[in-house]
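Residue numbers (this note's numbering), protein chains in the order written: chain A, 1 to 402; chain B, 1 to 402.
Worth double-checking, as some hints may not be accurate.
Copies of one chain are not kept apart here, so a pair can be met inside one copy or by any two copies together.
[To be verified] Distance condition first, Cα-Cα at most 16 Å in a straight line; then the derived EDC-like pairs of lysine to aspartate or glutamate:
hint, residue 1, residue 2
1, K308, E33
2, K8, E110
3, K96, E16
4, K8, D68
5, K96, D347
6, K96, D346
7, K326, D347
8, K362, E33
9, K96, D352
10, K260, E186
11, K390, D281
12, K8, E49
To be clear, the hints were calculated from the coordinates, so they are not data collected in a lab.
There are 2 protein chains.
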Amino acid sequence: MTTPQTLKGFRDFLPETMAIRNRVINTLKQVFESYGFAELQTPTLEYAEVLTGKYGAEAEKLMYLFKDQGGRDVGLKYDLTVPLARVMSQYPDLPKPFKRYQIQPAFRAENTQKSRYREFYQCDIDTVGTTSLYADAEILAVISDSLIALGFIDFTIRINSRKILFGITNSTSVLQSLDKLDKKSEAEVKQELVDKGLVADEISKIFAGIKSATPDTDLQQVINLAAKLGVDNIKFDPTLVRGLDYYTGTIFETVVTQPKVGSITGGGRYDNLIKTLGGPDLPAVGTTLGLDRICDVIAELNLWPDIKLTTTKVLVTIFSAELRDKSIELSIRLRQTGIGVELYPDDRIKLDKQLQYAARKKIPYVVILGPEEVAKDMVTLKNMSIGEQKQLPTDKLAASVS
Amino acid sequence: MTTPQTLKGFRDFLPETMAIRNRVINTLKQVFESYGFAELQTPTLEYAEVLTGKYGAEAEKLMYLFKDQGGRDVGLKYDLTVPLARVMSQYPDLPKPFKRYQIQPAFRAENTQKSRYREFYQCDIDTVGTTSLYADAEILAVISDSLIALGFIDFTIRINSRKILFGITNSTSVLQSLDKLDKKSEAEVKQELVDKGLVADEISKIFAGIKSATPDTDLQQVINLAAKLGVDNIKFDPTLVRGLDYYTGTIFETVVTQPKVGSITGGGRYDNLIKTLGGPDLPAVGTTLGLDRICDVIAELNLWPDIKLTTTKVLVTIFSAELRDKSIELSIRLRQTGIGVELYPDDRIKLDKQLQYAARKKIPYVVILGPEEVAKDMVTLKNMSIGEQKQLPTDKLAASVS
Chain A
1 MTTPQTLKGF
11 RDFLPETMAI
21 RNRVINTLKQ
31 VFESYGFAEL
41 QTPTLEYAEV
51 LTGKYGAEAE
61 KLMYLFKDQG
71 GRDVGLKYDL
81 TVPLARVMSQ
91 YPDLPKPFKR
101 YQIQPAFRAE
111 NTQKSRYREF
121 YQCDIDTVGT
131 TSLYADAEIL
141 AVISDSLIAL
151 GFIDFTIRIN
161 SRKILFGITN
171 STSVLQSLDK
181 LDKKSEAEVK
191 QELVDKGLVA
201 DEISKIFAGI
211 KSATPDTDLQ
221 QVINLAAKLG
231 VDNIKFDPTL
241 VRGLDYYTGT
251 IFETVVTQPK
261 VGSITGGGRY
271 DNLIKTLGGP
281 DLPAVGTTLG
291 LDRICDVIAE
301 LNLWPDIKLT
311 TTKVLVTIFS
321 AELRDKSIEL
331 SIRLRQTGIG
341 VELYPDDRIK
351 LDKQLQYAAR
361 KKIPYVVILG
371 PEEVAKDMVT
381 LKNMSIGEQK
391 QLPTDKLAAS
401 VS
Chain B
1 MTTPQTLKGF
11 RDFLPETMAI
21 RNRVINTLKQ
31 VFESYGFAEL
41 QTPTLEYAEV
51 LTGKYGAEAE
61 KLMYLFKDQG
71 GRDVGLKYDL
81 TVPLARVMSQ
91 YPDLPKPFKR
101 YQIQPAFRAE
111 NTQKSRYREF
121 YQCDIDTVGT
131 TSLYADAEIL
141 AVISDSLIAL
151 GFIDFTIRIN
161 SRKILFGITN
171 STSVLQSLDK
181 LDKKSEAEVK
191 QELVDKGLVA
201 DEISKIFAGI
211 KSATPDTDLQ
221 QVINLAAKLG
231 VDNIKFDPTL
241 VRGLDYYTGT
251 IFETVVTQPK
261 VGSITGGGRY
271 DNLIKTLGGP
281 DLPAVGTTLG
291 LDRICDVIAE
301 LNLWPDIKLT
311 TTKVLVTIFS
321 AELRDKSIEL
331 SIRLRQTGIG
341 VELYPDDRIK
351 LDKQLQYAAR
361 KKIPYVVILG
371 PEEVAKDMVT
381 LKNMSIGEQK
391 QLPTDKLAAS
401 VS
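Given these sequences and hints, build the entire structure.
Rendered as structure tokens:
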């Protein structure tokens, strides 16, 4: 290998990227925790037996499965739902409802494309152990509060219920076609149903069913409860199907129109899944948030122009070997006021190189402490964004950069 | 499989464990960032070629290596230093000195034992790209500030230099024996050297060398600079060797005596390693902090008795279906003041069960809103730790639980 590289679909997060990711994650955590969701983390590796036989052969082709040194069949986690099911089964004494969030990488050997990675971050919130519809509404409130906290103002939560869909058709194949109604025209979808062998009468019955559909009692209650929690942009959409077929009640997804992020969350109620996945028989409702997509969009569209890409506020330069200790002392004093301070580490490097270093690292302020400044108990402060430079008394420095 | 389980050496972090881990990690990040270290994350999987041929055959036996779906030889990361070397090579334009911290899992198929895991968290801080001894001293200051911030008061940083050791002996085998002087008696180590074939004269020369050793100019400067940065518990120890043999200058490790945590950090200067690992020719100095050990000790010795094991401050109970909306409204108002509030999700569950739930989740306060309270615009607030219960006006509630 000439230059060692990351694997395709795997990413390094360099410091400036981490600055955005950390702010997104901290923003989300704060919202989740404000509703009583607590963090869970599960291992990167699981017994293969825990992972396989859950989502079908297509999914398994994408799983990273291998034998470990002890000959055990193991695999990298494929999502956060299967580990949640295992956790519910392994720790039966966890108080219920168990409200957890989990933000960790999952692994799928997919064809890579924009904002799709082989190691990607899942961000899931779920309430396990209650059939109460308040839990459904609360997930919607958490989604809404999260997107608002991230600065996404224009979004709609599309909502439907599997029970309403099942009243229209029981055929998974038909549902898969209906799911395309947000991208294809009605005529195209009807043709697809013809191709699938349905007769005209069946097709018009299905479309009549969709057009006359209204929220059933449960779904209306979820919508009402969500409204009480401040969620006012919910839209009933009887054509919403959601890809995964383990949902049993409420289903929803969120489309962010401004900025143009697109579909960013998906979830619903899945009262049988935890049992199906090998866990105990517990009802659950939850959502996933597209963390990688959110981070990518914020970076690409420069949605947070004011974000500090470094936590360092000030670079204290070193004027000369003789004055190095003065700079050290100043850096300590500044740091003690709670400011992120970097001391340039090398007194053999010229001052202009030190300034270049600050510029490249996007450090907002640079302090220069030369013989003139030391004699007067002053410092020279350079504001790197506007290029302005001024002398000020040393004891005024902390306040000037805070 | 009857009950699905975690693999041996792999861990779930349930919410109460995460509360401690998150506080440890946030405390450390804050110290690292106050010195200008910025976060880096690298992928879980690397090309096997990046990982192998670096630390010898013994290490490779412990690596999780396998073939991915595309037939590529890949592996789970074994440490954070090899990925750092790759990053330095893959992004040659990173401003230098590059000061990064990295807190991520690494994977080793070791025999599991107390506080040793197969998926374990490494926490590394390193400064890459300068030979300045200030960088060495700064790492010591970060270690000292970190341990103080965690509440570890009694600790000593043992320090030595590979250059001083090389002045005494060039034999790795002899160094390995000397390294045991903190656990074995001098007589035992001398016997070990006899067994290794050294004659009496050689052995007494080595011990005379150790006993008369003093810090050389460079090491004295590191000690002086660290003192300027406020690190006053450094002890020169000419018997300190450190296991890994890639260090080229300063070496150090920290022993925490109160609480009895033991050796908790290890590091030093490694000016050739990044090149050896396939990166560019860049000097570096850094340390690793034993994050898992720190978290385990804090939990076992209950060092943070006041830590909140849940971020939820208040459980708002639901008295009856009729009064549910009153509880919902109250939960929203409280949440808006910035308090973590959980609303009990189910109006079909009796109040005493709701209180039990709060107790099991260690939620400090419970609010009860019955018909009597609603009529008077009051709430009943129960302090769960002391069991006390009182009525107070609704608008006084937020202040009472903050």
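In rising order, the numbers of the hints this structure does not comply with: Per hint list: 10 and 11 violated.
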